[in-house]
Amino acid sequence: MSAAAALSTLGALDPGAIGVFLQADTGLLPEGLDVSFKLLPAIIVLGMLLLFLAIGFVFRVADSENMWVAGRSIGNLENGMAIGANWMSAASYLGLAALIALSGFYGLAFVIGWTTGYFILLIFLAAQMRRFGKYTAPDFVGDRFNSDAARAIAAITTFLIAFVYAIGNARGMGLVGLYIFGDIALPGLSGYQSMVVFMMTITVGYLTLSGMLGATKNQAVQYGILIVAFLTGLYAVGITQGYSTVLPQIEYGQLIGTLSSEFSQPFAGASYYLWIATAFSLIVGTCGLPHVLVRFYTVESERTARWSTVWGLFFICLLFWGAPAFATFGTDLYAENVGAVYGDPGMGSAAGDVIVVLATQLANLPQWFVGFVAAGGIAAAIATVSGLFITGSSAISHDIYTNIINPEATQRQQVLVGRLSIILLGIITTLAALDPAAPIGALVAYAFSLAGTVLFPMFFLGMWWENTNRQGALAGMSTGLIVWFIPMLNEVLPVYIANGEPYIPFLAQWLPAIGSALIAMPIVFAVTIGVSLVTKKPPLETKRVVRQCHSPEPMGQQQTAHDVVATDGGESQSPADD
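Residues in the sequence shown are numbered consecutively from 1, following our numbering.
Simulated from the structure, these hints should not be mistaken for laboratory data.
Take the hints with a grain of salt, since some may be wrong.
Derived Cβ-Cβ restraints for the label pairs, each shown as a range [as the list claims (entries may be wrong)]:
id	residue 1	residue 2	range
1	Q413	A566	25 to 31 Å
2	N467	P407	25 to 31 Å
3	P345	M488	40 to 46 Å
4	T567	Y496	28 to 34 Å
5	G257	I43	40 to 46 Å
6	G257	D344	22 to 28 Å
7	G343	G257	41 to 47 Å
8	G188	W368	29 to 35 Å
9	A566	N406	21 to 27 Å
10	Q265	A42	53 to 59 Å
All C-beta atoms, glycine included, are put in the ideal place defined by N, C-alpha and C.
Please build the complete structure, drawing on both the sequences and the hints.
What follows is the structure, given as structure tokens:
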């Protein structure tokens, strides 16, 4: 069943219906979008891509510290912009407005879920993770729980998150590329698939040069491009079409009453349960994403970690406040110029995924300007894929190869394996994105459910309960992976090998893949705590490291909690009341 056909059935308020809605169209040619080569937009996008390659070359790395944590030299404002760019993927720039346009009130679960998690990060994890002071998220898991097995599970989970998350962004790059370059097809590929291959080649190219240092510099630039493109596009559409004047983020509300009930009626597109499950999974998933957590390792101090989180949340909200307005404007323009948004056939998921670009086109804005807005979507996708690929490759190179397989690896060997891992991740992501199983927002949400189920409990318990031990972590993470895979097999596998319907509708209703962390995360917490209580407590040195992560005493730029404990046992400084 297509996205549009599924939308026509959502009035029954079946929680499982949204799983069908979140399947991808097979055509991937957005209706209403002007798919043709455009010279000025092409120049803008190619110039932007060349700029990214140049920055990657200038800040190319030769050692592992700059490769993974940028030498711990990033300030709060720059890191905040990198957090914003890291976060505002194609799922935010394109997919968020698409979800609201296609599913109405249900889409607001993504706005709430993708912002609320940062408050938890700010209060409970940002400064503490910086004081722990490792290179990667699996590094934290392996060292905190004194287990290479736990490190390996965390590394595999990190790689899997990067892969699933990046598929959605590659889809976004491909769809937007159709507007810029037209339906130009490589031999054996469609125009969409050719765009995916082209964009992913550019992304992998500069990442293999730059590592985290160049990626951070690029992300600051990418944030500037994407936020200016998004906001100017929003204001231009609102003003030229008479929707708004000064604050489209608020004024769009007066238009909602004129749109279809599928857009404005609460829970018309999904049940209350699914809304809560989705929002919850996105909140805890935010706190478990490795490419977000690693940003706290790149800064000078725990104070900078906190302030960069505040700045990052501000930069993120600049876009998130405008996404519902863009969705509203785009929905109205689509209904006026293309056809019915809901019903059969209605707006397809491919058109929904480019509603931001489509709205500026349907508003009859200059072609070069629409191209600039489209370039912002490409910048958003590339920025996030950069962070994902760095964390995914570091999981292979640093956490598995260096820490487990070859502890004597030289700096050159580590960087080489990291670069090869980026290329590998790029290849498999590109292949998966050629025929994606779902729209951008859904693909990304699957990764959030995984992060919230497997990694967030380890970060939170590992940092806030010193008695969490190796056995508890292994049991909890293994349980989390199993519970996450069950709804994925139930809902995503049928898209490729069956008719697209879930194998077990009841399971899809109460354990949806897009919101599985609502059930899975409490199970992982319970298993981890229960096993930790009935097995041997962790070593005293590990407990002292955890206590040191809450100490009010400042540490040097390259100093970690382990360094303090190794020097004086960690007993000279009292823990802070964080």
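If you check the beta carbons of Q413 and A566, does the distance land in 25 to 31 Å? About 26 Å separates the Cβ atoms of Q413 and A566, which means 25 to 31 Å holds.
Can you tell me whether the CB distance of G257 to D344 sits inside 22 to 28 Å? For D344 against G257, whose Cβ atoms are near 24 Å apart, the range 22 to 28 Å holds.
Taking the CB of Q265 and the CB of A42, does the distance hold inside 53 to 59 Å? 41 Å, violated
For the range 28 to 34 Å, tell me whether the beta carbons of T567 and Y496 fit it or not. At roughly 55 Å between Cβ atoms, Y496 and T567 fall outside 28 to 34 Å, so the hint is violated.
With 40 to 46 Å as the target window, see if P345 and M488 comply at their CB atoms. 28 Å, violated
Quick check on a hinted range of 41 to 47 Å for G343 and G257, using CB atoms only. Given about 19 Å between the Cβ atoms, the range is violated.
For the pair A566 and N406, does the Cβ-Cβ distance stay inside 21 to 27 Å? 24 Å, holds
Is the hinted range of 25 to 31 Å satisfied by the C-beta distance from N467 to P407? Cβ of N467 to Cβ of P407: about 29 Å, so the range 25 to 31 Å holds.
Confirm or reject the claim that G188 and W368 have a C-beta distance inside 29 to 35 Å. 32 Å, holds
Do the Cβ positions of G257 and I43 conform to the proposed distance bound of 40 to 46 Å? 41 Å, holds
Hints 3, 4, 7, 10 from the earlier list are contradicted by this structure; the remaining hints agree with it.
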